[in-house]
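Read top to bottom, the protein sequences are chains A and B.
Under the working numbering, the first sequence has 22 at position 22, and the numbering climbs by one with no breaks.
Under the working numbering, the second sequence has 135 at position 135, and the numbering climbs by one with no breaks.
Hints listed in this document are in silico derivations from the structure and should not be mistaken for laboratory results.
Incorrect hints may have been included.
[As the list claims (entries may be wrong)] Estimated spans, in silico, between C-beta atoms of each pair:
#: 1; chain 1: A; residue 1: R31; chain 2: B; residue 2: A36; range: 27 to 37 Å
#: 2; chain 1: B; residue 1: S140; chain 2: A; residue 2: R24; range: 23 to 33 Å
#: 3; chain 1: A; residue 1: G34; chain 2: B; residue 2: A36; range: 53 to 63 Å
[Stated by the list, open to error] In silico lysine to any residue, SDA-like type, Cα no more than 25 Å apart, as pairs:
#: 4; chain 1: B; residue 1: K104; chain 2: B; residue 2: A19
#: 5; chain 1: B; residue 1: K104; chain 2: A; residue 2: R24
#: 6; chain 1: B; residue 1: K104; chain 2: B; residue 2: Y150
#: 7; chain 1: B; residue 1: K104; chain 2: B; residue 2: R72
#: 8; chain 1: B; residue 1: K104; chain 2: B; residue 2: P33
#: 9; chain 1: B; residue 1: K104; chain 2: B; residue 2: M37
#: 10; chain 1: B; residue 1: K104; chain 2: B; residue 2: L115
#: 11; chain 1: B; residue 1: K104; chain 2: A; residue 2: L22
#: 12; chain 1: B; residue 1: K104; chain 2: A; residue 2: Y3
#: 13; chain 1: B; residue 1: K104; chain 2: B; residue 2: H12
#: 14; chain 1: B; residue 1: K104; chain 2: B; residue 2: S217
#: 15; chain 1: B; residue 1: K104; chain 2: A; residue 2: A9
#: 16; chain 1: B; residue 1: K104; chain 2: B; residue 2: A26
#: 17; chain 1: B; residue 1: K104; chain 2: B; residue 2: E225
#: 18; chain 1: B; residue 1: K104; chain 2: A; residue 2: A6
#: 19; chain 1: B; residue 1: K104; chain 2: B; residue 2: T93
#: 20; chain 1: B; residue 1: K104; chain 2: A; residue 2: S2
#: 21; chain 1: B; residue 1: K104; chain 2: A; residue 2: G19
#: 22; chain 1: B; residue 1: K104; chain 2: A; residue 2: L29
#: 23; chain 1: B; residue 1: K104; chain 2: B; residue 2: Q11
#: 24; chain 1: B; residue 1: K104; chain 2: A; residue 2: V12
#: 25; chain 1: B; residue 1: K104; chain 2: B; residue 2: I41
#: 26; chain 1: B; residue 1: K104; chain 2: B; residue 2: L155
#: 27; chain 1: B; residue 1: K104; chain 2: B; residue 2: A23
#: 28; chain 1: B; residue 1: K104; chain 2: B; residue 2: L117
#: 29; chain 1: B; residue 1: K104; chain 2: B; residue 2: V149
#: 30; chain 1: B; residue 1: K104; chain 2: B; residue 2: R8
#: 31; chain 1: B; residue 1: K104; chain 2: B; residue 2: D114
#: 32; chain 1: B; residue 1: K104; chain 2: A; residue 2: L10
#: 33; chain 1: B; residue 1: K104; chain 2: B; residue 2: V49
Computed from a predicted model, the values in this text were never measured in an experiment.
Positions of the beta carbon are idealized from the N, C-alpha and C atoms, including for glycine.
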Amino acid sequence: MSYAVASYALVVGGLVAYGAWLARSRRRLERELGGPRERNHG
Amino acid sequence: MTATTPLRTWQHASAVALAVSAALWAFFVWRAPIDAMQGPIQKILYVHVPVVLGAYLGFFLTALGGGLYLWRREERWDRLAAAAAEVGVLFCTLVLVTGPIWAKGTWGRWWTWDLRLTLTLLLYLVYVSYLLLRSFTEGSERAARFAAVYAIAGLAVIPLNYFAIDLAGGRTVHPENLGRGSLGAGMRAPFALGMLTAVAAFAHLLVRRLEVGALRSERDRREAEAFREEA
């Protein structure tokens, strides 16, 4: 049973970790793009 | 309205589909009968087989994106290929993690150089190499063309991998593909919902990765514009 639980935990953990990394990347890029956009309007 | 707005809509829709299918899948996996031969470890197959579908989908879309890029020369198809390869490699990693855990509990060892296992490792290495190639040659149109050809050529491993059991002619320890093997009562629903959940998870992550790709592209475009203005 522990092998099965470990498998499900690794799959869910792997997918969630990748999703979190994508969210961090998106926020960082949006911050970077927000800067030049404000300067252009200023 | 920005370039990433339609992606946000797909992101929300795929998140709802993922939440619903994952909840149903978890319920049916929990309720599925314990296999008489393998015991509880057989339940690993309800997640191992669906993540294979995610890997196949990812590599198929990588080749499709590559093909469309070669045809139309539009950057968005190259971005689709890169995004699908990354998500496909993630799913293939999960295949190569869950498979050996099941093997250890069933065969008593983590790995054997069986044809199906070897071809899965080869498929993984082909697309890991694709991602490495892209990371070393980022931004070049020539590299994008080469990556597209490489992705299409790499696709040949998928049918080899899928039909490995037949190709081995009985000299394999890996279970047969679904549909030809025997699924006991109560085992169809967790497999079907697992497939649905894998497709929903794949779609959700792909859309989010496409959004990151579009933002990276916009950043690179602005940096290039600023560089030209300075020069």
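Outcome of the hint check:
For the pair R31(A) and A36(B), the beta carbons lie near 56 Å from each other, so the given range of 27 to 37 Å is not met. The given range of 23 to 33 Å is respected by S140(B) and R24(A), whose C-beta atoms sit roughly 27 Å from each other. Between G34(A) and A36(B) the beta carbon distance is about 59 Å. The supplied range of 53 to 63 Å therefore holds. At most 25 Å may separate the alpha-carbon atoms for a hinted pair to count; K104(B) and A19(B) exceed this at roughly 31 Å.
A threshold of 25 Å between alpha carbons decides the hint, and for K104(B) with R24(A) the separation of about 36 Å lies outside it, so the pair is violated. Using a Cα cut-off of 25 Å, the hinted pair K104(B) and Y150(B) is violated, with the two alpha carbons roughly 34 Å apart. Distance check on the hinted pair: K104(B) and R72(B) sit about 47 Å apart at the alpha-carbon level, beyond 25 Å; violated. Among the hinted pairs, K104(B) with P33(B) is consistent with the structure: their alpha-carbon atoms are about 21 Å apart, no more than 25 Å.
For the hint pairing K104(B) with M37(B), the CA-to-CA distance comes to about 15 Å; that is within 25 Å, so the pair holds. Of the supplied pair hints, the one linking K104(B) and L115(B) holds, its CA atoms being roughly 17 Å apart against a limit of 25 Å. At most 25 Å may separate the alpha-carbon atoms for a hinted pair to count; K104(B) and L22(A) exceed this at roughly 32 Å. For the given pair, K104(B) sits about 9 Å from Y3(A) by alpha-carbon distance, which is consistent with the 25 Å threshold.
At roughly 38 Å between alpha-carbon atoms, K104(B) and H12(B) are farther apart than 25 Å, so this suggested pair is violated. Our distance criterion of 25 Å between C-alpha atoms is broken by K104(B) and S217(B), whose separation comes to about 44 Å. Restraint check: the Cα-Cα separation between K104(B) and A9(A) comes to about 17 Å, which is no more than 25 Å; the hinted pair holds. Among the hinted pairs, K104(B) with A26(B) is consistent with the structure: their alpha-carbon atoms are about 23 Å apart, no more than 25 Å.
Of the supplied pair hints, the one linking K104(B) and E225(B) is violated, its CA atoms being roughly 55 Å apart against a limit of 25 Å. Under the criterion of a C-alpha separation no larger than 25 Å, the hint pairing K104(B) with A6(A) is consistent with the structure, at around 12 Å. The straight-line distance between the Cα atoms of K104(B) and T93(B) is roughly 17 Å, inside the 25 Å bound, and the hint therefore holds. Pair hint K104(B) plus S2(A) holds up; C-alpha atoms about 12 Å apart against a cutoff of 25 Å.
The suggested pairing of K104(B) with G19(A) is violated, with an alpha-carbon distance near 29 Å, which exceeds 25 Å. In summary, the hint linking K104(B) to L29(A) is not supported, as the alpha carbons are separated by about 42 Å, beyond the 25 Å threshold. Under the criterion of a C-alpha separation no larger than 25 Å, the hint pairing K104(B) with Q11(B) is inconsistent with the structure, at around 37 Å. With a C-alpha separation of about 20 Å, the suggested pair K104(B) and V12(A) falls inside the 25 Å cut-off, and the hint holds.
Using a Cα cut-off of 25 Å, the hinted pair K104(B) and I41(B) holds, with the two alpha carbons roughly 10 Å apart. With a CA separation close to 29 Å, the supplied pair K104(B) and L155(B) exceeds the 25 Å bound. A hinted pair counts as satisfied when its Cα atoms are at most 25 Å apart, and K104(B) with A23(B) does not qualify at roughly 28 Å. Only pairs whose Cα atoms come within 25 Å are accepted, and K104(B) paired with L117(B) is accepted, the gap being roughly 14 Å.
Between the alpha carbons of K104(B) and V149(B) the distance comes to roughly 37 Å, so the proposed pair goes past 25 Å and is violated. With a C-alpha separation of about 41 Å, the suggested pairing of K104(B) with R8(B) is violated against the 25 Å cut-off. Restraint check: the Cα-Cα separation between K104(B) and D114(B) comes to about 14 Å, which is no more than 25 Å; the hinted pair holds. With a CA separation close to 16 Å, the supplied pair K104(B) and L10(A) stays within the 25 Å bound.
Between K104(B) and V49(B), the direct Cα distance comes to roughly 17 Å. Compliance with the 25 Å bound is thereby established for this hinted pair.
The earlier numbered hints that this structure contradicts are 1, 4, 5, 6, 7, 11, 13, 14, 17, 21, 22, 23, 26, 27, 29, 30.
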